Amino acid sequence: KQEVTQIPAALSVPEGENLVLNCSFTDSAIYNLQWFRQDPGKGLTSLLLIQSSQREQTSGRLNASLDKSSGRSTLYIAASQPGDSATYLCAVRVSGYSTLTFGKGTMLLVSP
Amino acid sequence: DAGVIQSPRHEVTEMGQEVTLRCKPISGHNSLFWYRQTMMRGLELLIYFNNNVPIDDSGMPEDRFSAKMPNASFSTLKIQPSEPRDSAVYFCASSFVDRLTRTSYEQYFGPGTRLTVT
Chain A
1 KQEVTQIPAA LSVPEGENLV LNCSFTDSAI YNLQWFRQDP GKGLTSLLLI
51 QSSQREQTSG RLNASLDKSS GRSTLYIAAS QPGDSATYLC AVRVSGYSTL
101 TFGKGTMLLV SP
Chain B
113 DAGVIQSPRH EVTEMGQEVT LRCKPISGHN SLFWYRQTMM RGLELLIYFN
163 NNVPIDDSGM PEDRFSAKMP NASFSTLKIQ PSEPRDSAVY FCASSFVDRL
213 TRTSYEQYFG PGTRLTVT
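Protein chains in written order, with the working numbering: chain A, 1 to 112; chain B, 113 to 230.
These are calculated hints, taken from the structure and not from any lab test. Some hints could be false.
Straight-line distance between alpha carbons at most 30 Å, and here's what the computed DSSO-like set of lysine-lysine pairs gives [what the hints assert, rightly or not]:
#1 K180(B) with K1(A)
#2 K1(A) with K68(A)
#3 K42(A) with K104(A)
#4 K136(B) with K190(B)
#5 K42(A) with K190(B)
#6 K180(B) with K104(A)
#7 K180(B) with K68(A)
#8 K42(A) with K1(A)
#9 K190(B) with K68(A)
#10 K190(B) with K1(A)
#11 K136(B) with K104(A)
#12 K190(B) with K180(B)
Derived contacts from chain A toward chain B, CB cut-off under 10 Å, selection only [unchecked claim]:
#13 K42
#14 Y76
#15 R93
Nothing here was measured: the structure is a model prediction, and the numbers come from that model. For each residue, glycine too, the CB sits at the ideal point set by N, CA and C.
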């Protein structure tokens, strides 16, 4: 059974700092991996989707990398801003039409 | 597009009462997912529909929970009778899944229904 772990569970940084969020998964045979953002009291917003054949995806100040062989993905946030404060979740899909398995998320606080 | 729509946004009910949560997926999406989120267990998949047919309901906790999708634009999740341990945020999500090519596209989540059972 696929398990997804996110470390740390919480992270607090000052504004402007570059940071990395980690996601690991137990079964390296994944189809794709998706990073989400969740603001308090809100639903999940998709940030980046990385297919298993890709090494990374970029969107603005966000860069997600994927290393299937080691069962890891990282989400890099450049020049963090208070508006980046949220919980970030990663989720993996093991086949083209399987469902997503989620990690428990990393709660990020960026202080001004 | 309005995105995934869920109602109600908040529900407070007493133990033993029936609760019905509603979801309208994004138009054109053929897959719908119901999730439950708690602090202890995180985000858990309850049930997954493809083309209105339940594909995987292994996450449904027990017989008190039931879900239906009578058409492509509407789904319900019902809890009867409700218990305090059912208190959680329930999310509906939708996506397009091409079963011919076995390709799943991004999932889009609704804002959730916060359920409190006293």
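Hints, verified against the model:
1. Between K180(B) and K1(A) the CA atoms are separated by roughly 27 Å; this keeps the pair inside 30 Å, and the hint holds.
2. A C-alpha spacing of about 16 Å is found between K1(A) and K68(A), which places the hinted pair at or below 30 Å, so the restraint holds.
3. With a C-alpha separation of about 16 Å, the suggested pair K42(A) and K104(A) falls inside the 30 Å cut-off, and the hint holds.
4. Between the alpha carbons of K136(B) and K190(B) the distance comes to roughly 15 Å, so the proposed pair stays at or under 30 Å and holds.
5. For the suggested pair K42(A) and K190(B), the alpha carbons sit about 21 Å apart, so the restraint of at most 30 Å is met.
6. Between K180(B) and K104(A), the direct Cα distance comes to roughly 27 Å. Compliance with the 30 Å bound is thereby established for this hinted pair.
7. Taken as a hint, the K180(B) and K68(A) pair is broken in the structure, with Cα atoms around 36 Å apart against an allowance of 30 Å.
8. For the suggested pair K42(A) and K1(A), the alpha carbons sit about 29 Å apart, so the restraint of at most 30 Å is met.
9. Restraint check for K190(B) and K68(A): not satisfied, since their Cα atoms lie roughly 38 Å apart, outside the 30 Å limit.
10. Of the pairs offered as hints, the one joining K190(B) and K1(A) holds, with about 28 Å between alpha carbons and a cut-off of 30 Å not exceeded.
11. For the given pair, K136(B) sits about 26 Å from K104(A) by alpha-carbon distance, which is consistent with the 30 Å threshold.
12. Between K190(B) and K180(B) the alpha-carbon distance is near 9 Å, which keeps this suggested pair within the 30 Å criterion.
13. Interface restraint check for K42(A): the shortest CB-CB distance to chain B comes to about 6 Å, inside 10 Å, so the restraint holds.
14. A hinted interface residue such as Y76(A) counts as satisfied when its beta carbon comes closer than 10 Å to some beta carbon of chain B; here the least separation is about 20 Å, so the hint is violated.
15. Restraint check, R93(A) versus chain B: the minimum CB separation of about 6 Å is within 10 Å; hint holds.
In this structure, the hints that do not hold are numbers 7, 9, 14, in rising order.
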